[in-house]
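There are 2 protein chains.
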Amino acid sequence: MGDPEQHPGDIDLEAFREHGHELVDWIADYLANAERYPVLSQLKPGEVKGELPDSPPEHGESLEAIFRDVESTIVPGLTHWNHPNFLAYFAITGSAPGILGELLSAAFNVNGMLWATSPALTELEETVVDWLRQMMALPEGWFGMIQDTASVSTLCALAAAREAISDLDVREQGLSGAPPLTLYASDQAHSSIAKAGIALGLGHGNVRSVPSDDAFRMDADDLNRLIRADRADGKWPFAVAATVGTTSTTSVDPVPEIAEVCERHGLWLHVDAAYAGPAAVLPERRDVLDGCDRADSLVVNPHKWLFTPIDCSVLYTSRPDVLRRAFSLVPEYLKTEHGDEATNLMDYGVALGRRFRGLKLWYVLRAFGVEGIRARLREHLRLGERLVAWIEADPDFELMAPAPFSTVCFRAHPDDWTDDEAELDALNERLLARVNATGEAYLSHTKLHGRYVLRASIGHLRTTEPHLARVWALVKRELSTLLSE
Amino acid sequence: MGDPEQHPGDIDLEAFREHGHELVDWIADYLANAERYPVLSQLKPGEVKGELPDSPPEHGESLEAIFRDVESTIVPGLTHWNHPNFLAYFAITGSAPGILGELLSAAFNVNGMLWATSPALTELEETVVDWLRQMMALPEGWFGMIQDTASVSTLCALAAAREAISDLDVREQGLSGAPPLTLYASDQAHSSIAKAGIALGLGHGNVRSVPSDDAFRMDADDLNRLIRADRADGKWPFAVAATVGTTSTTSVDPVPEIAEVCERHGLWLHVDAAYAGPAAVLPERRDVLDGCDRADSLVVNPHKWLFTPIDCSVLYTSRPDVLRRAFSLVPEYLKTEHGDEATNLMDYGVALGRRFRGLKLWYVLRAFGVEGIRARLREHLRLGERLVAWIEADPDFELMAPAPFSTVCFRAHPDDWTDDEAELDALNERLLARVNATGEAYLSHTKLHGRYVLRASIGHLRTTEPHLARVWALVKRELSTLLSE
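These protein sequence lines are chains A and B, in that order. First residue of the first sequence: 1, per our numbering; consecutive thereafter. First residue of the second sequence: 1, per our numbering; consecutive thereafter.
Only chain A is shown next, with the shape it has when bound in the complex (with noise of 0.2 Å):
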């Protein structure tokens, strides 16, 4: 590296050279082998930090001693989102086109605050995300941004909400001093909705929970009712969180009967599609989306179940001008002569400094095609209903859920064993810990009507039919060596 002291600035380029070419393979070979990992990491808390040294090092290191600790320290401690058998939470899967485009993008190293400091941020995001619509058959004309994750791209759209309540000034009085304001999400919404309602000062307790019916969708009544028995104590509902596949078990809400009643309330519809939104990009499965013409905001996460580099995720609104007064605070040492003819993407969102995200999307749609895309999207959703009928064939197990996509809701439940649940919870509970500390497989679990339940969800580029039948029959023999004991 020479004499730091002597030259500052950046490491010799060459360095540079030589390792990223060493890295650009390993990464190659990794993402050809990463079944060679145990897929959920195998080691205790604090092991990882034992490798490390307490402080930092006082003089440089070189690039490849860096990577031998990588291969020492870091890629034990990793759990494999890489590995096919990764089939936990939503098996988000990066590609390799968005690899490279996230290297190009750290490359740049542009911040994308205003359109003037670097234009190509800007409208190559505004491009992406209006192809990604355009895909999707969102209405033509909705704006479109990225943001880091669902959870900042929901806070967002609910603080656009609060702010199209035309009779406060949120904005510059704040909430004191007003009616409690109420926010409606089903049961079976994701755990950021809550989160935002905390955050934006709305309270945990002004929430409201709608229940969901056997299928796991919001009942669009009951969120009718709530909503008028808040307005008669005197709350003040403004937005309901309808879901396009939910976290537990991907149920879809009845968007057009909940567009209804915030229609006829006057409340802003934001719409989770986060997960499921991409499956809109098959014509046979556009259905998804019936009603999400009419929502307000409605966010979807590339980095999901479209091929991009977490993190990725895209916050549409029909009211761009909302978002905008929620959150637009342009100091002097950020105005530039630009008027109306460019977007400065910061008045949109808490977060004033901007990766060059769009970046590693446009490299997936563009690598992939449209057709592509299809063509990967129909495979897990194949995959998801082959492990569906291989659960309903088994007189040892039963689905939990209707899958609408490729996520799989499913337990033991042996034919000749007790009903007793506490005792089937247990056995679940046994059986997943089991599967996951054989490295093999990673699945998740979550609790439906109070049950313990696994769930499988197939969303990487990398899990094929033999992999999947590989991961059926390690569930099934150690549910097997579970029942022996």
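Rather than coming from a laboratory, the hints here were simulated on the basis of the structure. Just to be clear, a hint being listed does not mean it is correct.
Where chains are identical, the list cannot tell them apart; a pair therefore holds if satisfied intra-copy or between any two copies.
No farther apart than 20 Å at their CA atoms in a straight line, the calculated lysine to any residue pairs in the SDA-like style are these [said to hold, decoys possible]: (1) K235 <-> P179; (2) K235 <-> Q173; (3) K44 <-> A342; (4) K49 <-> R264; (5) K335 <-> G450; (6) K447 <-> A65; (7) K335 <-> L345; (8) K447 <-> D287; (9) K476 <-> W417; (10) K235 <-> D214; (11) K335 <-> P45; (12) K49 <-> Q134.
Go by the hints and put chain B onto chain A.
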């Protein structure tokens, strides 16, 4: 790429490997020669968009085809933050080691919402933020975590401050019914503080602007008076945001005196050291964080002046339990078996999903080492002093604020010219536009005491004294031309 309809999955990894090697070489060349591009993009609004297709491609395209468009369409639309003559805003500075860290992070594509979803992400993050804490001589035992931007770190810190009010239950009940909560920052504080106040539901009108003194530092007596007056008026003062390195002039608020006021009134003290915090890595400048050991929270951005690609903002707090209480919500599907022995970082902020940002910071701290970082910071400070000396020695220019770091506020004020302030403002505005239009340098501006002022911020790894001398000559040349017109 093969036929994606036949073989869904990722793209051919040989194509990734080949193009990855080309990209690494291209990036090494780009970093070495960023100055061959115009620093400020010369395009007009809409020009990048005009080059991009209106719709996404039906079929996949080669990585080479995509990259040809990067070169022809994206690069001309960039404002090159890597250009050595980028002196606008704060010159955020990535570095080659940080770029490689980001490449690996994109390849691993792990989501560190929970410890279990990648133990190495959480534990490396805990380790490197503690390294940085030691480097800045902040108190032992402080909790630290990485957020995307200082705006979000500040929002989280102020949410904790709100949660810390023991007589209210803001988390459960929200702010309706509570007295107006007031927040204090100087008239030089960053807009993100007011934005957080708006988002958190306090209302912009309850964000108090404390007057600053002649050196643009918060007046602690005025702060004390404002707090007393608000109390007397039925408001509820709850937090003060002090700044170490304000955005316009990089002034340093008198944190010890502010801490005194906060302790007297029982207010949360948040310190925004996003820009200038790294100066404390220098033993001879450790005083910039005087009094910060009495803060409840502090933010510093390694993506600004610590050679780490955007985004990487570190939020420290001495009261992690309060931060956790402000944000933690653990639905069933996110429960894991690990109790107090493992940290789940999702519990300490808005975003659930978390990129592996610690990796790039680790690469940077190791590749440079503490002494290597000090050498680079010292060089930037030395360059800042040079620029100040040139300005002070020139009868046509004047320094407009003290320059405690390497950001310099100045303006043209020709010796034999008018003293009319409006004309001086107009002259400097035109001067800035002309300098930036050359594409040879990029400066920004601010207003100080109502006067239009130019800002030059030296923070990039590749800015050397010859670069700075050329920028200074350019500014002088453009002024001469302007005056002769």
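Unmet hints by their number, sorted upward, for this structure: Violated: hints 4, 6, 8 and 10.
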